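All chains should be built: construct the whole structure from the sequences, respecting the hints.
There are 4 protein chains.
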Amino acid sequence: MIRVAILGATGYTALELLRLLLRHPEVEITVLTSRQEGAPPIGSVHPSLSGRLERNLRNLAPAEVAEQADCVFSCLPHGASADAVREVLAAGSKVVDFSADYRLTDAQVYAAWYGHPHTDVENIEQAVYGLPELYRERIKQARLVANPGCYPTSAILPLAPLLRAGLIEPGEIIVDSKSGVSGAGRTPSDTTHFPECNESVAAYNVGKHRHTPEIDQVLTDAAGREVSVIFAPHLIPMDRGILSTIYARPSRGATENDLRAVLREFYAAEPFVRIVDDLPATKHTLGSNSCHIALRVVKGRVVLVSCLDNLVKGASGAAVQNFNLLFGLPETTAL
Amino acid sequence: MIRVAILGATGYTALELLRLLLRHPEVEITVLTSRQEGAPPIGSVHPSLSGRLERNLRNLAPAEVAEQADCVFSCLPHGASADAVREVLAAGSKVVDFSADYRLTDAQVYAAWYGHPHTDVENIEQAVYGLPELYRERIKQARLVANPGCYPTSAILPLAPLLRAGLIEPGEIIVDSKSGVSGAGRTPSDTTHFPECNESVAAYNVGKHRHTPEIDQVLTDAAGREVSVIFAPHLIPMDRGILSTIYARPSRGATENDLRAVLREFYAAEPFVRIVDDLPATKHTLGSNSCHIALRVVKGRVVLVSCLDNLVKGASGAAVQNFNLLFGLPETTAL
Amino acid sequence: MIRVAILGATGYTALELLRLLLRHPEVEITVLTSRQEGAPPIGSVHPSLSGRLERNLRNLAPAEVAEQADCVFSCLPHGASADAVREVLAAGSKVVDFSADYRLTDAQVYAAWYGHPHTDVENIEQAVYGLPELYRERIKQARLVANPGCYPTSAILPLAPLLRAGLIEPGEIIVDSKSGVSGAGRTPSDTTHFPECNESVAAYNVGKHRHTPEIDQVLTDAAGREVSVIFAPHLIPMDRGILSTIYARPSRGATENDLRAVLREFYAAEPFVRIVDDLPATKHTLGSNSCHIALRVVKGRVVLVSCLDNLVKGASGAAVQNFNLLFGLPETTAL
Amino acid sequence: MIRVAILGATGYTALELLRLLLRHPEVEITVLTSRQEGAPPIGSVHPSLSGRLERNLRNLAPAEVAEQADCVFSCLPHGASADAVREVLAAGSKVVDFSADYRLTDAQVYAAWYGHPHTDVENIEQAVYGLPELYRERIKQARLVANPGCYPTSAILPLAPLLRAGLIEPGEIIVDSKSGVSGAGRTPSDTTHFPECNESVAAYNVGKHRHTPEIDQVLTDAAGREVSVIFAPHLIPMDRGILSTIYARPSRGATENDLRAVLREFYAAEPFVRIVDDLPATKHTLGSNSCHIALRVVKGRVVLVSCLDNLVKGASGAAVQNFNLLFGLPETTAL
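Residue numbers (this note's numbering), protein chains in the order written: chain F, 1 to 335; chain S, 1 to 335; chain X, 1 to 335; chain E, 1 to 335.
Simulated from the structure, these hints should not be mistaken for laboratory data.
Here the structure is a predicted model, which is why all the values come from computation and not from measurement.
Check the hints yourself; a few may be wrong.
Just so you know, same-sequence chains aren't split out, so a pair can sit in one copy or run between any two.
To be verified - EDC-like mimics (lysine to aspartate or glutamate), calculated; alpha carbons at most 20 Å apart, straight line: (1) Lys140 to Asp70; (2) Lys299 to Glu169; (3) Lys208 to Asp278; (4) Lys208 to Asp277.
Right under this line is the structure:
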């Protein structure tokens with residue numbers, strides 16, 4: 001059995017991770033941390049785990065956690081996560097980090113978008129961006145996986161193969177994303193107060209969302225030249241799911257069939273990505289680690305529509321997929 | 001024009017009240033108060049009023065407000081409201097109070113349920129419970145109207161006529177109520193955080209909700225003997241609406257037809273209460289000042305189903321109805 | 001009093017229209033039609049109107065309706081509407097048509113997108129597109145108003161002033177729209193079945209939606225040269241509201257401030273259009289005839305975000321606004 | 001591997017069953033039936049299964065299905081199910097029947113509530129009501145399991161132990177249930193049309209719901225004397241979940257502690273039933289096979305609140321639990 005721990009186990013991604021790990025035949029959950037006083041049982045924080053997992057939340061130092069875990073999942077917020085991950089790595093455990101701390105390869109870009117200097121610059125280099133569909137072999141060799149953001153996964157999966165194949169222009173890409181409210185985390189706020197966001201759809205952080213440089217970086221890597229997307233996220237009155245509608249310009253006369261063929265071939269052997277004919281709905285991927293992608297050419301523009309569950313393929317499912325790769329297990333275990 | 005002011009204009013009941021008052025041909029909105037700094041325009045707090053009402057939120061003393069208003073609507077929380085209302089009354093304005101402060105006739109009961117002594121005991125006596133269907137003539141003469149709670153209105157309207165007629169037993173009444181989330185107010189909390197309450201229904205405060213003594217008091221008055229209900233509220237994933245399912249025991253052999261006939265007669269001339277044949281849905285009353293009531297007898301038990309919009313007939317619509325009565329206007333104006 | 005009738009009074013736009021007309025001081029509702037048997041009372045089809053409007057649904061010929069109405073609102077489906085409107089016009093009443101039948105000036109384009117020939121080509125020419133912000137003076141003189149589609153209104157209001165001013169390129173416009181489910185009408189279907197569309201967001205009819213030629217036509221008129229947008233609608237799990245996120249390319253070096261200034265000036269005197277600073281949410285316009293518009297420039301691209309209530313400014317509110325213009329009443333009456 | 005088939009695989013309970021069976025290590029899914037033409041792949045009917053299960057829907061006779069399955073799950077509607085189950089049993093397969101056809105032990109009661117005579121009266125006797133918490137040993141020996149209704153499970157689990165212990169009166173039980181819309185099945189209708197049931201709560205079939213005799217029968221068995229409940233179901237705007245609030249009268253002076261102790265003891269060893277302290281929300285059981293139960297005594301009345309996921313513990317999870325018992329597997333496998 002592989003011993004796993006979760007840092008910051010009170011949020012939604014941690015809850016979803018626990019649901020998946022409870023089904024994982026090779027996993028023993030040893031430690032769950034939180035700064036809450038009094039070591040409450042996990043069931044008091046996540047009532048849905050009541051009677052299904054008997055563990056108390058403990059306020060342990062990262063090095064202590066590492067002693068009891070072969071793999072540590074960090075669900076801490078950015079900044080705090082780097083501080084903890086540094087110590088966990090030093091103590092010898094592998095890490096899957098849910099935060100943004102190790103996703104950006106350039107610490108200056110990180111500092112500019114996150115508003116504070118990176119506190120573990122040394123470990124950025126060894127971090128692998130945890131999108132198995134692009135970086136599987138590197139993940140297998142990694143000690144530190146930067147689990148991708150939910151929006152970036154929904155944008156990168158449809159775009160990367162087309163950019164790699166040179167079939168769309170890198171310069172005119174628009175990503176219009178629609179996300180459920182769980183993406184905003186578990187801390188109540190005005191914008192996530194039910195009577196505010198229910199029965200409403202809103203754009204937010206247009207052009208300013210922190211997932212923008214992450215999308216740009218990975219697509220630039222795929223394209224082999226600079227990609228800079230316009231990213232406009234929207235809040236949708238539902239718990240889970242992201243649907244991204246992506247507009248790009250085909251290059252070299254690529255037709256709808258050409259483009260679809262490239263996507264189908266690229267993902268032919270992938271267990272979790274499907275190129276579908278009908279326009280998808282997020283409900284088709286609800287609760288699963290799947291990403292569905294459809295493609296249309298309209299008036300000379302490519303329109304890609306992708307969807308996934310932000311808490312599964314967009315977070316905890318991807319983390320388990322990465323964990324399976326890190327430990328040489330079948331990639332689909334528990335997924 | 002009648003000059004009106006609103007104390008505590010940042011919440012949902014105040015917003016709904018403003019929407020109604022903007023349609024009222026006899027009303028001039030003079031003052032809106034809040035403790036917010038810097039006198040922000042109302043449109044910055046309620047974007048839906050942007051461009052429809054040019055007023056700034058001001059932090060004025062109640063007596064100052066009273067100078068500029070013939071009628072003051074207090075949307076302040078309980079406790080704070082009594083402190084302000086006392087001063088407004090002393091300055092000579094009429095008051096419609098949305099809080100619970102003047103609903104209970106017994107200050108001891110108030111203290112027991114609300115956890116602090118009443119701070120304006122002297123004015124309790126002159127307050128009239130603002131349910132026009134029961135107390136219309138007294139409201140017309142009042143200077144202080146205690147606007148009813150949303151749950152109590154949904155429970156009292158179906159039960160009072162039957163208790164008054166002696167056709168149901170006062171001792172075995174159960175009120176199972178289902179409310180939208182706006183009833184919890186505008187302050188974010190764990191229970192109103194979208195991913196917590198969406199896609200979920202929960203019971204809360206069973207047997208402990210503060211609307212219980214209010215229901216008991218008004219029904220006792222209707223019955224002429226003590227009524228003490230079991231009240232179980234539930235939170236429903238919708239913005240607005242209350243549906244109360246009420247179980248009682250018929251007395252004196254009353255049949256379904258007898259009971260329905262009493263309700264129909266009682267409400268025959270009422271503009272806002274309808275006795276309907278089909279079981280109602282809260283959407284039938286969404287946005288209107290209506291209360292729909294249906295009745296069934298099942299296995300010897302009366303089942304009443306009532307519904308209303310908690311922000312209209314359950315709060316701001318009732319307040320406007322009371323305002324119209326206070327100032328001798330047609331009762332349905334703006335409703 | 002102006003006598004008004006509604007053809008096809010059982011749907012959602014008719015219900016919303018009735019709610020507004022019931023508040024209209026100059027209106028007498030004389031006839032409501034439907035093909036339902038037995039002349040049921042309107043309250044049996046729309047329970048929310050129970051006790052508020054005493055009219056029965058009647059299966060009358062258009063000419064009979066016209067005899068009892070100075071203005072006829074047609075809420076019939078496309079095709080059926082033209083057949084009825086032709087007769088109503090011949091009988092001398094004015095018409096506000098909710099269908100698409102008189103929106104497109106070219107009967108060939110109509111036939112291509114709607115799949116059947118137009119059956120009242122003669123009257124197309126006299127029809128005025130019912131967007132008062134663009135065509136107010138023509139509406140005042142009209143006998144037949146083609147009430148705009150909900151999506152087109154959300155796309156045209158932000159774009160038309162900028163195209164007219166030549167500040168955005170006509171050739172690269174993307175309209176990504178998000179709509180509540182009431183836009184799909186009242187007939188149940190798989191896609192509007194609650195467990196299918198709740199907790200889900202989906203793209204549909206990308207590049208194929210029938211509102212596309214309507215948007216193109218009106219924007220072409222505004223720009224003075226051909227505009228052809230890429231239109232991608234999405235279904236959002238909410239009752240009402242449309243939010244359109246629009247991507248365009250500024251021309252002639254126009255800055256964010258330039259573009260915003262043009263919008264502010266264009267709409268300075270308009271009662272129902274607001275240029276707002278913060279990114280809007282559909283809830284800000286829920287239940288009102290308002291359209292809120294915000295603007296950003298991101299990486300050299302204009303991003304416009306507009307929102308409105310699809311049943312009010314996107315349908316019935318616009319119809320009342322047009323009605324007021326047709327009959328020389330203050331434009332905001334009942335709105 | 002145990003070969004399983006599903007009759008009527010296009011509905012929501014079949015989809016949920018397939019999701020669970022795909023995780024089941026001892027199961028091979030051999031046949032999925034439907035009356036649809038052309039043997040479409042299951043992924044075209046349930047897009048969420050696209051790429052996860054390669055089976056086509058086939059229109060096979062029950063006897064043919066039985067040849068390829070050790071266990072047949074019937075998700076057919078009542079009436080149709082009995083016709084098929086009879087043949088499947090005759091062919092030697094075991095059956096878990098989701099319909100109501102074998103739940104009621106009295107064919108006369110069945111005929112009265114379901115409006116047609118029972119067509120397989122002979123097999124009623126051998127059917128076991130599939131609630132393992134009450135009938136585990138009998139289920140293990142059965143060939144035909146009548147999978148319980150969703151509402152009955154939510155009512156029976158909290159009540160049966162208390163009735164069995166004689167601690168509540170059998171004669172005054174009220175069950176006020178709140179259900180998500182998936183309980184209404186996959187066929188669109190007026191009441192499940194999104195704009196009708198969203199943002200609304202409604203009571204329906206009060207005193208007339210077909211689950212009433214099922215609840216009465218099982219509780220009568222538990223109490224050892226006749227139980228006849230008042231059952232009032234409500235439709236809640238959410239996909240999944242049932243919360244039942246149950247009102248009963250304690251007998252023999254039973255206190256809150258007495259009653260809770262009986263429940264805790266009865267369910268101490270049960271893997272899927274938890275007696276919780278705080279009032280539960282359906283979200284606590286979303287997607288799991290759990291039932292959470294809380295208890296209060298209010299003004300001398302017991303108030304029980306139970307919740308579960310209607311598609312899991314209320315249908316497909318219970319079916320897998322029963323399947324595990326039928327085939328001697330650990331009861332929690334795949335759950």
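Now for the hints, and whether the structure bears them out:
For the identical chains of this complex, Lys140 and Asp70 are intra-copy neighbours only, at 15 Å inside a copy versus 41 Å across copies, given an alpha-carbon limit of 20 Å. In this homomeric assembly, Lys299 and Glu169 come within 20 Å of each other (Cα to Cα) both inside a single copy, at 16 Å, and across copies, at 16 Å. Taking the closest pair of Cα atoms, Lys208 and Asp278 come within 20 Å of each other only across two copies (13 Å); inside a single copy the shortest separation is 32 Å, beyond that limit. For the homomeric pair Lys208 and Asp277, the shortest alpha-carbon distance between copies (15 Å) is at most 20 Å, but the shortest distance inside one copy (32 Å) is not.
Going down the numbered hints, you'll see the structure goes against none, and every one checks out.
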